[in-house]
Amino acid sequence: MQKRRKLGRGVAVVGTGMSKFGMFKEKNSKDLFAEAFNEMLSSVDKGIDPKDIQALYLGNASNDTLVHQMHWGPIISDLIGLTPKPATRTEGACASGALAFREGVFAIASGFYDIVLVGGVEEMSKRTTEEVTEILAMAASPYEVRVGFTFPGVFGATATAYFARYGATREHLMNVTIKSHNNARLNPKAQFNVSIRDIMNQRMERARKKGEPVPTWKDEKEFLRDPVANPVVAWPMHLYDCSPISDGASCMLLVAEEIAKSFTDNPLYVVGIGQGSGQGLHAKEDLTCFEATRYAAKEAYELSGLKPEDIQIAEVHDCFSIAEIIHLEDLGFFKPGQGYKAVEEGLTRLDGVKPINTSGGLKCKGHPIGATGIAQLYEIWKQLRGEAGKRQVPIKDLRIGATHNLGGTGGTCTLTILERR
Amino acid sequence: MEERPFSDISYEQFLNEEKLMGSKCAKCGALFVPPRSICIRCYNTKMEWAQMKGKGKLVAFTCIAVGPPYMIKEGYDRQHPYCSGVVELEEGVRVVARIEGVNTNKPETIKVGTPLTVQFLHRAEGENLKTFLAFKPA
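Quick mapping for you: the protein sequence lines, in order, are chains A and B.
Sequential numbering from 1 applies to the first sequence in the working numbering.
Sequential numbering from 1 applies to the second sequence in the working numbering.
It is possible that part of the hints are untrue.
Each computed DSBU-like pair below joins lysine-lysine, with the alpha-carbon atoms no more than 35 Å apart [unchecked claim]:
(1) K57(B) / K221(A)
(2) K73(B) / K126(A)
(3) K335(A) / K55(B)
(4) K126(A) / K130(B)
(5) K218(A) / K106(B)
(6) K298(A) / K57(B)
(7) K261(A) / K221(A)
By construction, these hints were calculated from the structure, which means they are not laboratory data.
Chain A with its partners taken away, still in its complex shape (with noise of 0.2 Å):
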């Protein structure tokens, strides 16, 4: 019988950074990292040799067919003067960025390293949006790409499996999309720092000026029923409920617990990782969950000893709309069938009981797929360091949360949990 798994010694962050989010045709992979390799470097509040560091972690997806370049473990490694020492990229489709990030940790746990850097990076915008759907279907299972699927496709399906079995309906998704503008509105960094309703006044000002008819709509809701405005991608999957094609660069500082002192004041502590596999939609036992997610949320939840209610805030993989529902179910917030309510009932908003994706998440945020699982994790430092900015939670004594990252259609999905202490 297998003991309680157990990290063979603690590992802390001491820092993270990561580039704007957005669509670049000026920057690369390298111009990418070195944005959010420098804003590490300065948020680590008693400095950090860059020289010290001992290995790096990279998440990368799929550069090797969007850009025609692979292993970028190296090239990022000497982008940053860190040669010789060693760099390994991690792939675990839109998850390779928690990959890194779990990597690093076991570096570091096993006793090997003391100072590792974690990241992650992306760049897709420079395809069309027809080859990237192709590429990133890549990492869906092989039946599901031979029958048509793309990945909007499978969450779209997954959409009406979950529609048909707990009655919730499109305009339940259309919640979700609202509170992720309203909270992206808030993140400077994001790709689509506006909400639905700043969209909405800057259509209907474009209409005025250009002389066209002014469209109206009621309310955020009429606009995302707008089949104009808002037009199928995979039905019941829209354009607004779809993460955009993005790119961008994360990274993070991982140490050694006895030694995070020295780097900070206020480090934050790994108190839990879990990761899962899953199946392909034919082979999948129930279609309104992901067995891979519920996996690695009862290791990350064992390790840690914590339970869901104990965690306060956490950026979900909502790569669709749809996902962001289910995984709250999936890891436990709420009951199979109650997320749609709970996000209805405004529970996950920046100022409910359970802020989700304060950053504006995958769908406001941006989505560079690598760079994704490490960003999360840089919204729950800003939070749980207090330093949110305007999008800071108001809850009191802030001390947990937690990412959980979701490669390909749920082959690879991650939880991270971390902590203030």
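Since chain A is already given, all that's left is putting chain B on it; use the hints.
Chain B alone, transformed into the frame defined by chain A:
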């Protein structure tokens, strides 16, 4: 036909012959479509071919307006979406398939639970023959 390996390639060859085939564990009876060569229930490696009747019901679907280049080549686009779905077969297992004969411009008319029957979509010919598994309303 029993001599063929329990592989994705055999599965595709059977589709070309208009047969939807799975593998059945000779020991515990677990059924897998597409076929598996290893029974993931009991880890027995002796499998038998099993032909599906091709009847089932729709359990999940999507109508895709933004498809990959290989679907665009077939003529699908934002004005002409195609439907892909998950079908639960009478035999109890599920497959992913194209869904034909439904109004993809009115996806709200497509219902989970709809009874379906198999259809084999042949593309190209001869050595290049490719067959896509599809289902249509029964």
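Does K106(B) lie within 35 Å of K218(A) when you go C-alpha to C-alpha?
-> Holds, at roughly 24 Å.
Would the pair K298(A) and K57(B) pass a check requiring their Cα atoms to be no farther apart than 35 Å?
-> 33 Å, holds
Do the alpha carbons of K261(A) and K221(A) lie within 35 Å of each other, as the hint requires?
-> Violated, because 48 Å separates the two Cα atoms, which is more than 35 Å.
For the pair we were handed, K57(B) and K221(A), check the Cα-Cα distance against 35 Å.
-> 33 Å, holds
CA of K335(A) to CA of K55(B), is that 35 Å or under?
-> With a Cα-Cα distance of about 34 Å, the restraint between K335(A) and K55(B) holds, given a limit of 35 Å.
Straight-line alpha-carbon gap K73(B) to K126(A), limit 35 Å | Distance ~22 Å between K73(B) and K126(A) Cα, so the pair holds.
Take the C-alpha atoms of K126(A) and K130(B), compute the straight-line distance between them, and say whether it is at most 35 Å.
-> 32 Å, holds
Hint 7 from the earlier list is the only one contradicted by this structure; the remaining hints agree with it.
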